Amino acid sequence: MNPNLFSLAWRETTRSAYWGKSLATNIGLGFLAVYFAVSFLLLGLAIPEILTKKFSEAEAVSKLNSILLAYFAIDLIMRQLLQKLPTVSFKPLLLQNIRRPKIANYLMVRSILNFFNLLPFFLLLPVTISLVGHVHSGLATTSWFLAIFFLVFSNHFLAIYLKWRFNEAEYGFFILLAGLAGLFAINHFGIVDLSGGLGKLLDLILIYPSLTIALIILPVLIYFLNVRFLLSRMFVNLVSEKQKAEKVSDYSWLNNLGETGRFIALDLRLIWRNKRPRSTAMMTLIMFLYGFMIYRDQPGKELPEFVFIMGGIILVGMFSISYGQFFPAWHSNYFSMLMCQRLKMKQFLLSFYMLVTVVSVACYFITLPYALMHTKVIYTHLAMLLYNLGINIPIIFFIGLYSKKRLDLNGSSVMNYQGVGASQWLGGLPLMIGPIGLFYLFQLGFGTVGGYIGLGLMGLIGILFHSVIIDHFAKLYLKKKHELIKNYKNS
Amino acid sequence: MIQIQDLIKAYNKEIVLNIPELNIEKGEIFGLVGNNGAGKTTMFNLVLDLITASKGQVISKGINVRESEDWKDFTGAFIDETFLIGYLTAEEYFGFIAGLRKMSKTETADFIAGFADFFNGEITGKKKFIRDFSKGNQKKVGIVAALMGKPEVIVLDEPFANLDPSSQYKLRKLIKDFAAQNGSTFLISDHTLENIADVSTRLIILEKGKIVRDVLKTETTLQEIEAFFRPVVESDLF
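Quick mapping for you: the protein sequence lines, in order, are chains A and B.
Here numbering that gives the first Met the number 0 is used: the first residue of the first sequence is 0, the next is one more, and so on.
Here numbering that gives the first Met the number 0 is used: the first residue of the second sequence is 0, the next is one more, and so on.
Be a bit skeptical, because a hint or two may be false.
If you want a taste of the chain B side facing chain A, the calculated C-beta under 8 Å gives, among others [claimed, not checked]:
1. G26
2. L47
3. T81
4. L87
5. L99
6. F117
Simulated DEER-style distance windows between Cβ atoms [to be verified]:
7. V191/A x G124/B: 52 to 62 Å
8. F173/A x E66/B: 49 to 59 Å
9. E167/A x Y168/B: 38 to 48 Å
10. F227/B x R341/A: 37 to 47 Å
11. D72/B x K474/A: 12 to 22 Å
Everything labelled a hint here was simulated from the structure, so no lab data went into it.
Computed from a prediction, not measured in an experiment: that's the story for all the values here.
In this text, a Cβ means the ideal position worked out from N, Cα and C, and glycines have one as well.
Could you build all of it, start to finish, from the sequences and the hints given here?
Next up, the structure:
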């Protein structure tokens with residue numbers, strides 16, 4: 000394509016202060032990538048065996064075809080959550096002698112270089128060779144493979160298109176979820192056999208290989224849909240769009256809480272009025288449903304304890320983890336101003352602490368009905384609530400000391416795709432793995448209930464000493480302020 | 000009011016600011032001029048303890064800014080738009096700063112009302128976030144916020160830039176009046192020599208990190224600094 004644009008992107012990444020300092024993130028992502036690749040490979044090797052146990056080889060292929068739609072649906076959701084969008088700061092390019100379509104095409108081509116487009120083939124290749132290739136001719140197998148290939152890329156381009164759309168209207172993701180759930184219901188209750196439809200199409204391709212050519216239309220079509228969308232957005236935002244009056248909600252009652260209240264009001268406005276923290280907060284709401292997934296009873300099997308710890312930390316502490324992992328970078332845009340004010344660093348940290356405490360306690364009560372599924376949730380969640388407030392928040396403060404990257408709140412939502420990839424989930428990992436490890440340690444000595452009491456006690460100690468801890472971090476933050484200011488400037 | 004002693008800021012051994020000694024008296028409107036890269040913003044950042052000096056110190060009203068935070072009690076500043084909170088309305092932003100500066104609600108309202116002429120009806124009473132303001136209006140918000148609480152030291156980096164001509168005139172008067180009424184010390188930099196020569200009581204020219212001129216303002220100051228910055232044209236030589 001255009002080598003200039005690629006080298007520009009490369010320099011943008013490598014020359015930000017963030018680069019190279021996020022080694023842990025990169026290692027974590029690499030680990031996840033290897034883990035998923037291996038899992039998919041193993042699954043790909045296992046599928047033929049599993050299917051041929053029940054069906055003849057020919058039947059097995061069409062059985063596989065008929066469940067592929069479900070795979071693509073899940074793939075689409077995962078891509079929404081984890082796949083990163085290609086970006087380019089297009090503004091400086093607009094005035095140069097580069098045609099807009101070129102920038103759009105560049106973005107699309109770069110988007111293809113993504114792990115999510117490689118991953119399916121770990122599964123697909125073994126299946127193609129050891130299952131489909133066994134029963135069908137070389138030509139049929141090849142065209143079948145190509146058909147799936149086209150579908151994978153259709154899904155890729157569709158995911159990107161939706162992501163671009165959702166970025167402008169974040170409720171879109173919920174509509175997608177609802178839509179997919181609706182399609183699932185239609186399919187499940189046999190109103191329209193959607194997955195069977197795709198299955199039949201793929202079966203047909205195995206009989207008439209030339210049909211594959213028709214399928215190529217799909218990715219091409221969605222590709223141009225993307226390009227068209229990008230072209231329509233590749234303008235410096237016009238003022239007229241913004242002239243509409245903003246809905247300004249009043250948080251002045253919080254000022255009655257004194258200095259802490261003032262910062263909590265600031266935090267609330269930050270969350271409500273900026274896209275990125277808002278979607279973070281929204282994620283907390285979705286996560287309330289996560290309990291239905293993990294607390295579901297497996298017949299005849301007791302749920303392992305770590306499920307309850309994971310559940311507790313995610314259901315009660317999701318907000319503190321997802322919002323906290325970017326503390327204090329949420330305030331990075333005006334951090335130097337804050338550092339010129341007579342604000343007490345302690346107040347700044349304390350207000351975050353208070354906000355998270357209030358939200359976490361609220362989450363505890365909202366998720367309490369899960370006790371109807373498992374009574375022990377009452378105390379497992381309580382233990383995790385205490386642990387989260389007493390131990391995880393100090394850890395968040397500690398991680399925040401090393402925050403490097405300025406968060407772009409001010410930029411308009413168009414083309415602002417910072418932190419929409421997998422790495423944003425990664426920061427929370429130690430906060431979740433830590434208590435699981437500790438629990439099993441306590442369990443060795445004091446039994447299962449003792450394990451929860453241990454976690455809860457640890458948290459309680461942290462909460463009792465929160466004032467001392469916050470004092471300590473306030474001093475550390477003041478010491479690091481020059482470095483934070485510098486990092487935020489350079490990223 | 001502010002003493003600068005032996006101050007050196009270097010990046011990778013390249014010295015960007017070197018001020019052996021400088022005393023800024025109380026009530027002075029201290030004007031700083033210099034070409035790009037002369038070290039103006041660096042100096043202001045050092046006064047505000049936003050960057051660390053390689054050597055030397057800044058003493059503000061007897062307080063070493065590196066060692067104590069008490070200077071914040073009597074200092075207001077506006078360096079650039081990163082001093083603004085983009086997702087607040089102008090009123091909310093003033094309210095936030097007022098809270099930090101321990102101003103009551105009525106005090107704040109009175110104070111802001113005093114700038115109605117400067118705001119020209121475009122800042123307050125708008126349901127619009129600061130991030131959607133024009134550059135000039137953002138600057139106005141920042142300047143007024145820096146004046147809140149009537150601080151004794153006020154640092155403004157290029158306050159005239161991005162302002163329309165009438166606002167520039169208004170700002171000149173505003174700064175002079177504010178200093179006269181409250182006895183505040185101003186540290187101001189700018190590239191428009193006319194503006195800076197008009198408001199300042201003392202002028203300093205920085206070049207490559209060093210002070211090359213330091214004069215109290217007289218009638219002829221403007222001509223002098225203009226002569227300093229004007230490139231030597233051949234026709235002048237003959």
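Hints, one by one, checked against the model:
no.: 1; hint: G26; result: violated (21 Å)
no.: 2; hint: L47; result: holds (5 Å)
no.: 3; hint: T81; result: holds (6 Å)
no.: 4; hint: L87; result: holds (6 Å)
no.: 5; hint: L99; result: holds (5 Å)
no.: 6; hint: F117; result: violated (20 Å)
no.: 7; hint: V191/A x G124/B: 52 to 62 Å; result: holds (56 Å)
no.: 8; hint: F173/A x E66/B: 49 to 59 Å; result: holds (52 Å)
no.: 9; hint: E167/A x Y168/B: 38 to 48 Å; result: holds (42 Å)
no.: 10; hint: F227/B x R341/A: 37 to 47 Å; result: holds (38 Å)
no.: 11; hint: D72/B x K474/A: 12 to 22 Å; result: holds (19 Å)
Hint compliance for this structure: hints 1 and 6 are broken, all remaining hints hold.
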